[in-house]
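Take the sequence shown: its letter number 97 is residue 97 in the UniProt record's numbering, and every next letter is one higher.
Don't take every hint at face value.
Only pairs whose alpha carbons sit at most 25 Å apart, straight line, appear in this in silico SDA-like list of lysine to any residue [unchecked claim]:
1. Lys148 / Leu233
2. Lys134 / Met215
3. Lys119 / Lys48
4. Lys119 / Leu151
5. Lys221 / Lys148
6. Lys134 / Lys145
7. Lys122 / Val96
8. Lys229 / Val242
9. Lys119 / Lys229
10. Lys122 / Ser245
11. Lys134 / Ser115
12. Lys148 / Thr133
13. Lys135 / Ser115
14. Lys148 / Lys48
15. Lys119 / Ala89
16. Lys48 / Ala89
17. Lys134 / Lys48
18. Lys119 / Ser150
19. Lys148 / Gln19
Think of the hints as simulated: they come from the structure by calculation, not from any bench.
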Amino acid sequence: MKTTKRSAKPAQPLNTASQLWENYLSSMEGPGSRIEGQIVEQYLPLVKTVVRRVAVTLPSHVSGEDLYSSGLVGLLSAIRRYNPACGTAFETYARVRIRGAVLDELRSLDWVPRSVHDKVRKVEHTMRGLEQTKKRTPTDVEMAKELKLSLSDYQQLLEGIKPPTFVCLDSARSLDCDDGASHYEAVTDETQKDPGELLVQKDITRFVGARLATMPEMQRKVLELYYFKDLRLWEIADRFGVTESRISQVHSLAILRLRNYLVSEAEQCDALIA
């Protein structure tokens, strides 16, 4: 009697992220393994998205390839440090790591011209002075008058100082979220074991959340749409029915106010300690 040999079933391709992670976590393969490479490929679009969001505000001489390389380093770091038990989606965790790696690269380059640094300091100083005297957020007209500029020149100034306004806005998951939860609170970092550092981090998150809640609605919405909904400036402009230039100005002003608030809080803490 002739017997037929049953052919082995071909290995099923790993098409989904969940399958990849299940195999990666259950395997004994270390860094540089085939499965790790597949996970990297799965999340390359996320790296491109994060880098594109940062690069859109940078001058042309900043290399996009360098930023992309830094983003890949951030992705690899996220893959090797990720702990599913923390309850955070990997994409959320990886986005924080990737953006952090890209911003670290930019800080190391120190590409911002001195003239831009000077303009930023001048605007921040003026803003803080008006906030202290008026006990509220100054208007564009008031800022322009204090800086001895026309409203048009002031708005152009805001566009010019856009590049150095890097602030980590991952501190709030959603500006409309009632629980005030943050990405920082959701992401577990195995290297973060200092209780003092964790307390400082929570304080910063609380300060940022408090400031966002007091911002004018348009500024708050622009930050939400840009950083959390991944809309581009021109897409946000379409929603508001204004020019992209105007949205760029609103974005810059909102970031400056957030920076200014954090600096003010830090100085108050220093004064209390002294």
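Original post:
CA of Lys134 to CA of Met215, is that 25 Å or under?
Top reply: 15 Å, holds
Subject >> Straight-line alpha-carbon gap Lys122 to Val96, limit 25 Å >> reply: 30 Å, violated
Subject >> 25 Å Cα cutoff - pair Lys119, Lys48 >> reply: Given that 25 Å is the threshold and the Cα spacing comes to 31 Å, the pair is violated.
Original post:
Has the given pair, Lys119 with Leu151, been kept, meaning a C-alpha gap of at most 25 Å?
Top reply: 16 Å, holds
Original post:
Holds or violated: are the alpha carbons of Lys134 and Lys145 at most 25 Å from each other?
Top reply: 14 Å, holds
Subject >> Pairwise hint evaluation, Val242 against Lys229, where the allowed Cα distance is 25 Å at most >> reply: Holds, at about 19 Å.
Original post:
Is the Cα-Cα distance between Lys48 and Ala89 25 Å or less?
Top reply: Cα-Cα ~19 Å, so holds.
Subject >> Distance restraint between Lys122 and Ser245, which requires alpha-carbon spacing of 25 Å or less >> reply: 22 Å, holds
Original post:
Going straight from one Cα to the other, do Lys148 and Gln19 come out at no more than 25 Å?
Top reply: 61 Å, violated
Original post:
Taking only the CA atoms, is the gap from Lys148 to Thr133 under or equal to 25 Å?
Top reply: Holds, because 18 Å separates the two Cα atoms, which is no more than 25 Å.
**OP:** Would you mind confirming whether the straight-line C-alpha gap from Lys119 to Lys229 stays at or under 25 Å?
**Re:** Measuring from Cα to Cα gives roughly 30 Å; hence the hint is violated.
Original post:
Can the restraint linking Lys148 and Leu233 be considered satisfied, given a maximum Cα separation of 25 Å?
Top reply: With Cα atoms ~28 Å apart, Lys148 and Leu233 exceed 25 Å; violated.
Taken one by one, the earlier hints fail for this structure at numbers 1, 3, 5, 7, 9, 11, 13, 14, 15, 17, 19, listed in ascending order.
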